[in-house]
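Q: The chain contents come next:
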Amino acid sequence: MAFNNKKDKDQISKQPYTMATLLVQLVMTIMAILFIIPIVIVINYSFKTKKELYLSNPLSLPQSFNLENYKKAFDKLNMVTTFTNTFLYTLLSVVILAVLCGTTAWAIARCKHKIFKFFYVYFIIGILIPYQALFLPIYIIGFKLHLTNTRFGIIFMYIATAISFGVFLMTSFMSTVPINLEEAARIDGCSIIRTYFSIVLPMLKPAMATLIIMQAFQIWNDYLLASLFVSKKQLKTLTVAIQSLFSAQSSDYSTAMAAIIISVLPIALLFISLQKYFIKGMTVGAVKG
Amino acid sequence: MSKQNKTNYNKNMFRQYLLLVLPGFIIFTIGLIIPMFMAIRYSFTSWNGMTQDKPFVGLQNYISLMRDSEFIDAWWFTLRFTFFNTIIQNVLALLFAVALDRGIKAQKLYRTAFFIPCLISSVIVGFVWLRMFSNVLPAINDLFGTHINFLLFGDGSTVLSGLLIANNWQWMGYWMLIYLAGLQSIPAELYEAAKVDGAGAIRCFSNITLPMLAPAITICVVGITTGSLKVYDLLVSSTKGGPGRASTSIIFKTYSTAISGRKYGYGSAMSVTLVLVLLIVALVQVKGLKNKEVQA
Amino acid sequence: MKKKKIFSLLLVATMTSSMLSACSSNSPNTTDDSTVETTETSESTEVTTKSPDELVTLTVLAGQSSTDAGIEDMIDVALAEKYPNIKLNWECVDWGNDFQPKMQQYMQSGLPDIMIGKAQDIRTYAPQGILGEIDSTYTSRVLDAANQSAAYNDNVYGVVFNALYQGVYYNKDMFKENNWTIPKTLDELQVIIDDCNAKGIVPFASHMVDTWSIGNVTMQFAMNDVFNKEPTWGDKFRANEVSFSTSKEYQQAYQYNKLIFDNTFPDTFSTEQTDCDAKMVLGEAAMKVSGSWSIQNFLDINEDFDFGIFPFPNQTGDSKLIFEPNLTIMTSAASKNQDAINCVLDLLTGDKDLATEIYDYTRTASMLKDVTPTFINPSQEDIDKYASDGMIVDVTIGNNQLTWGGFQEENAKDIAAWLQGDITFEEALKCSDDRVAASIVN
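Order-wise, the sequence lines are chains X, F and P. No gaps in the numbering here: position 252 of the first sequence is 252 in UniProt numbering, and each next residue is one more. No gaps in the numbering here: position 173 of the second sequence is 173 in UniProt numbering, and each next residue is one more. No gaps in the numbering here: position 434 of the third sequence is 434 in UniProt numbering, and each next residue is one more.
Hints are computed from structural coordinates only; laboratory data are not their basis. Hints are supplied without guarantee of correctness; some may be wrong.
[What the hints assert, rightly or not] Taking lysine-lysine and the DSS-like style, the derived pairs with C-alpha atoms no more than 30 Å apart in a straight line are:
hint	chain 1	residue 1	chain 2	residue 2
1	P	K172	P	K87
2	X	K50	X	K71
3	P	K236	X	K232
4	X	K144	F	K54
5	F	K105	F	K195
6	F	K54	X	K205
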């Protein structure tokens with residue numbers, strides 16, 4: 001059950017710290033360092049001047065701690081705008097997704113009518129459709145509905161491409177939501193929709209957290225849809241803006257490195273500070289307790 | 001309640017349920033299903049993606065695909081990438097999760113270290129590893145006077161391993177967290193009971209840990225497989241499908257055929273094959289893994 | 001019960017309608033958001049460049065390489081001064097990766113008012129009848145040679161703004177120290193290569209990790225070995241009169257790649273352009289087959305780096321320096337804002353300060369009459385020499401006959417695979433031959 005998670009396993013059984021544990025700790029330390037190296041390298045690069053980047057050893061430290069690249073990255077990326085855009089798209093998409101997936105999954109799980117079986121399969125098939133391969137028809141549809149180069153359009157597309165996974169996740173979580181409360185509410189004369197919002201929704205919080213966090217990554221980091229739907233300067237997202245710094249012919253690496261740090265830093269800080277909720281949220285729904 | 005009343009009541013409920021599903025249904029249909037059918041329709045044409053008319057050519061595109069060695073090579077690369085990715089990533093993620101669950105100190109710190117890469121966009125990951133392989137790691141050779149071949153993206157025979165390293169670096173931590181949560185939800189009493197029965201560590205792992213992790217394994221395996229089959233972003237900023245065509249994935253091939261190559265109809269046929277394969281793979285996996293879950 | 005039903009209906013209705021309304025209120029950012037109706041355009045035959053009285057917003061799709069990024073701000077500033085009522089709504093994308101996809105999208109929906117691409121794009125889009133003709137007021141300010149490369153069926157569909165020169169960039173100091181002279185024939189080039197190898201200098205800097213660079217140099221070779229003898233080779237290729245498998249000349253062009261591959265960094269397939277250029281500046285390599293886009297890199301790394309340019313020698317010893325029209329301004333045939341577009345064309349072709357600023361920034365050559373960039377380009381001397389001898393050839397001839405996307409680009413991948421030993425030379429040639437249908441648009 002999902003709710004057992006509250007008692008962390010560490011508290012249940014304190015494992016003794018043996019030689020074997022020490023060995024594991026050692027190996028993991030090495031692995032962790034290996035994992036961090038590329039990030040350290042990027043940080044190191046981000047302080048180097050363009051000349052140093054080409055002329056000095058990649059492993060050497062920058063001559064001075066200059067923030068020139070960061071300033072340049074900030075300007076070149078149109079940072080305030082792109083950041084706000086990315087944040088806005090991500091936030092609105094995941095919130096709407098959570099609401100829609102919750103209602104859809106609940107209806108599918110509770111209504112025994114045949115057509116809902118069909119709905120389930122219909123949504124699930126979406127997981128297997130690579131929207132990456134359908135960009136032109138997606139664009140054509142988007143254009144006909146006046147969705148291209150609008151904030152609403154990109155959010156619409158993020159929802160459309162992520163909803164099948166959300167429904168899948170939520171539906172599998174529904175089995176852990178006790179049905180008796182709902183039945184009681186219904187006997188009291190609550191409508192289906194009111195039952196959902198007053199009784200079911202609060203119980204779906206763990207699964208919703210999972211969904212929101214998983215999708216927030218995807219959307220925050222998305223490149224393809226964003227480059228397809230919002231290419232106007234004032235609507236661009238961070239990833240698309242950064243990608244333009246890597247393009248062929250004289251890539252501006254030192255600025256790009258600083259831009260990477262700028263784009264990752266907020267979400268990394270968010271993760272580190274909210275790690276506990278993050279991990280719980282990310283996994284509760286996925287593992288079904 | 002009379003019978004009449006009851007059917008009315010059911011009908012009413014049914015309508016309300018339907019209302020709940022409808023908004024999602026509409027968005028999903030417009031955003032993904034209709035484009036899917038449009039792609040299927042285009043796959044029977046020789047449309048170049050630009051003109052107004054879309055000449056119908058029947059199955060011609062699919063017949064040509066069978067004989068297109070570049071298309072087959074792209075599939076071969078995608079399948080190898082997926083196969084190795086699924087195995088390596090799952091095993092590593094599980095191993096790391098088990099290791100972190102051994103009660104080592106500062107578990108949080110390690111979790112963060114492994115997880116941070118997946119906060120970075122794939123486009124950026126590709127770029128970072130391109131620099132790693134071509135500049136940074138060779139500098140280590142210079143430093144220690146070793147001769148390890150780090151130029152993995154520079155040769156058709158090693159480019160796959162280079163991409164696997166980059167992809168595993170990015171996603172391993174993500175799946176590890178899911179396994180970790182799975183591990184931590186296994187009741188300790190089970191292990192204690194097993195210990196009383198005299199079971200060793202390996203038996204504990206195969207008899208308790210693995211079966212209890214079944215739902216997490218399903219999610220991870222399906223997630224990694226389908227994700228790897230769709231690999232594209234990673235390639236855009238690293239190998240660009242090269243050297244030659246050695247790392248051209250099926251989506252990359254579709255993109256370059258339909259757009260730069262101006263063969264939209266033909267490219268659509270390629271994407272239709274990808275959808276079919278994804279469908280089959282996922283069905284087989286979910287069925288197989290679900291059976292295991294039931295047995296457990 | 002009834003109330004609840006209504007409530008639920010309302011809920012869903014608001015949910016959906018809020019989305020729809022958001023859609024309609026946000027949408028008109030596309031091509032047709034003209035804020036002014038222009039009526040008198042077609043009446044007079046001579047085009048007057050007059051500033052609109054009301055605010056007009058033009059959409060611009062700019063296919064750039066990163067050396068060009070930033071010119072949009074310069075244009076905005078100049079425009080605000082001269083035509084304050086015109087605003088440009090920029091959409092800047094990478095020319096190599098994203099320009100064609102974006103155009104493809106817009107052809108489904110309606111083109112932006114102005115598109116900035118390369119001269120070779122005209123061959124792709126003009127036959128579709130979607131590009132507007134450029135008035136002679138503006139084309140007359142552009143060099144005739146440049147207008148030719150922007151023409152289709154004798155009409156000019158683009159203003160060619162600047163140009164790149166392609167050939168072999170060489171380290172002047174190194175050539176002086178070793179007493180090498182500019183090679184005219186392959187034998188003379190071979191002498192330099194041998195001397196380099198004997199002295200432990202890498203003859204050629206190259207970055208084959210970028211497949212586009214392989215495609216680019218192959219076209220350079222083909223211009224001097226194939227198209228100079230057979231100016232319509234591409235058309236004959238489609239007419240089945242010539243082929244890669246039988247053309248000794250084109251095979252030679254492919255083989256030069258091998259010559260470079262055998263005489264370059266061992267890790268060329270892992271070397272990116274910036275690193276490659278840095279090595280060249282540091283004197284690790286003597287020559288680089290490249291284009292003007294390298295100049296920015298060279299001078300960024302060392303502003304005193306002294307380099308020149310010569311055309312890659314061909315078999316007949318008469319090879320010419322390659323000239324590539326670069327930024328080309330195209331307009332939409334269907335735009336309602338022709339007057340405003342003309343104002344922008346007037347600015348771009350008429351404002352010499354702006355033009356000079358852009359040339360200096362991008363380190364490119366001017367295609368406007370009477371405008372010369374002021375930045376110091378060490379290779380300018382060589383370019384002028386070849387220009388005065390008439391030893392310059394426009395690569396658009398080749399690019400128009402054998403299109404880049406889907407053909408040259410794919411051939412380059414085959415060449416890379418061949419150099420890597422994955423396929424044989426004959427297979428690479430056959431692949432190019434099999435691709436004949438993709439060699440031209442339409």
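Q: A separate judgement is required for each hint: does it hold in the structure or not?
A: Evaluated hints:
1. P/K172 / P/K87: 46 Å, violated
2. X/K50 / X/K71: 14 Å, holds
3. P/K236 / X/K232: 42 Å, violated
4. X/K144 / F/K54: 18 Å, holds
5. F/K105 / F/K195: 24 Å, holds
6. F/K54 / X/K205: Outside the cut-off at roughly 48 Å; violated.
Hint compliance for this structure: hints 1, 3 and 6 are broken, all remaining hints hold.
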